[in-house]
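Participant: For chain A, the structure is supplied; the task is to place chain B with the ligand on it using the hints.
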Amino acid sequence: MTYIAKKGLDNMTNLSMQVTRSPRKVPVAAVVILGLVFTVGLFVVGFDQGHILSVVFGEQAFEEMYIHELTHDLRHTAGFPCH
Amino acid sequence: MNTILFISIVLIAGAMAGTIHGLTNLALVEPYLDNAIMIENQALFASGQAEDTPEFWAEYKSYRSWQKEGQVLASAILGTSMGALFGIVYVLSRDALPKGGDLKKASVLAAIMWFSVYLVPFFKYPANPPTAGDGETVVLRAALYLLFIGITGFGVVVFYQVYRRLTKNKRFVAFAGYAALVAVAFVLMPPNPDENTIQTELLNGFRIMSAIGVTIFWTTLAIILGVLWQRLRPDSETNLEHH
Ligand SMILES: [Zn+2]
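Each protein sequence line maps, in turn, to chains A and B.
To convert, count from 1 in the first sequence and add 189; that's my numbering.
To convert, count from 1 in the second sequence and add 52; that's my numbering.
With the rest of the complex left out, here is chain A (with noise of 0.2 Å):
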């Protein structure tokens, strides 16, 4: 493609996006909210063998397992790996 037919391409498909597309900005903040959401959640839900209770009752967290032991099911049912 030469250069101006390129151009004249970029300036179509811009145009276009200006009648259909409201340019937005993307909340910044909720997306940090969002993934910190994300990373704690999966954490808990899928990986978790004692470490998040291992802060508040110590190495007795790791025996007992109390979050993977309420979760535990659901590893299976949705694929992390487990037992």
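Keep in mind the hints are simulated off the structure, nothing from the lab.
The beta carbon of each residue, even a glycine, is placed where N, CA and C say it ideally should be.
Residues from chain A that face chain B, not an exhaustive set, calculated with beta carbons under 10 Å:
hint, residue
1, VAL233
2, VAL234
3, ILE256
4, LEU259
5, HIS265
Listed below are the simulated BS3-like cross-link pairs for lysine-lysine, each with C-alpha atoms no more than 27 Å apart in a straight line:
hint, chain 1, residue 1, chain 2, residue 2
6, B, LYS156, A, LYS214
7, B, LYS151, A, LYS214
8, B, LYS220, B, LYS156
9, B, LYS151, B, LYS220
10, B, LYS156, B, LYS222
11, B, LYS151, B, LYS222
Facilitator: Relative to chain A, chain B with the ligand alone:
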């Protein structure tokens, strides 16, 4: 963009779809888990690690019903967290999704994400019922699973950028590129290291029901988020600003 409304819609849609997923799992998947755990119990009796007494069964029953309640709660949390990921991708890709209402846009995105972060990884590292896995290898298996999902998920983002830059008649190159990436990862990544000794019938039944459950989750997530977005228009403020 109304940030609070946007976050609320995303979290509500995720939590609702997750709860529905958890409730369907009770009917679809839990019977298979019960069967698998029953085999474990028999092994415990055979090896003398537990005794086949009424007390054992009383404790077992109350423990299992607690775990089943936990499954519904965990599904709601997982739904909220996958909903959050879906919301992020949706808000970033909404303009690029096919023209139409938000129900249509959300359905297209959910189909792409279901395919790339669930279905493709499922064929490489399928879900397993209890007793199939070795506790010693769980960290390795978790790392492999996440890495594979990372490749198949981010692969879509990369090859979408390629797709955008190609003219219409060359766009198949982007699809071929993604397929090649997935094929290479499929071949090069090590298989699940555990030896699977579980009976085929139980294993297949479990996997089919598990896959149906996750598919129901992505479907309901798209419908709820799409409908809420269409009704509440968290993006409407911005539209006004630009007119
Ligand atoms: Zn398990």
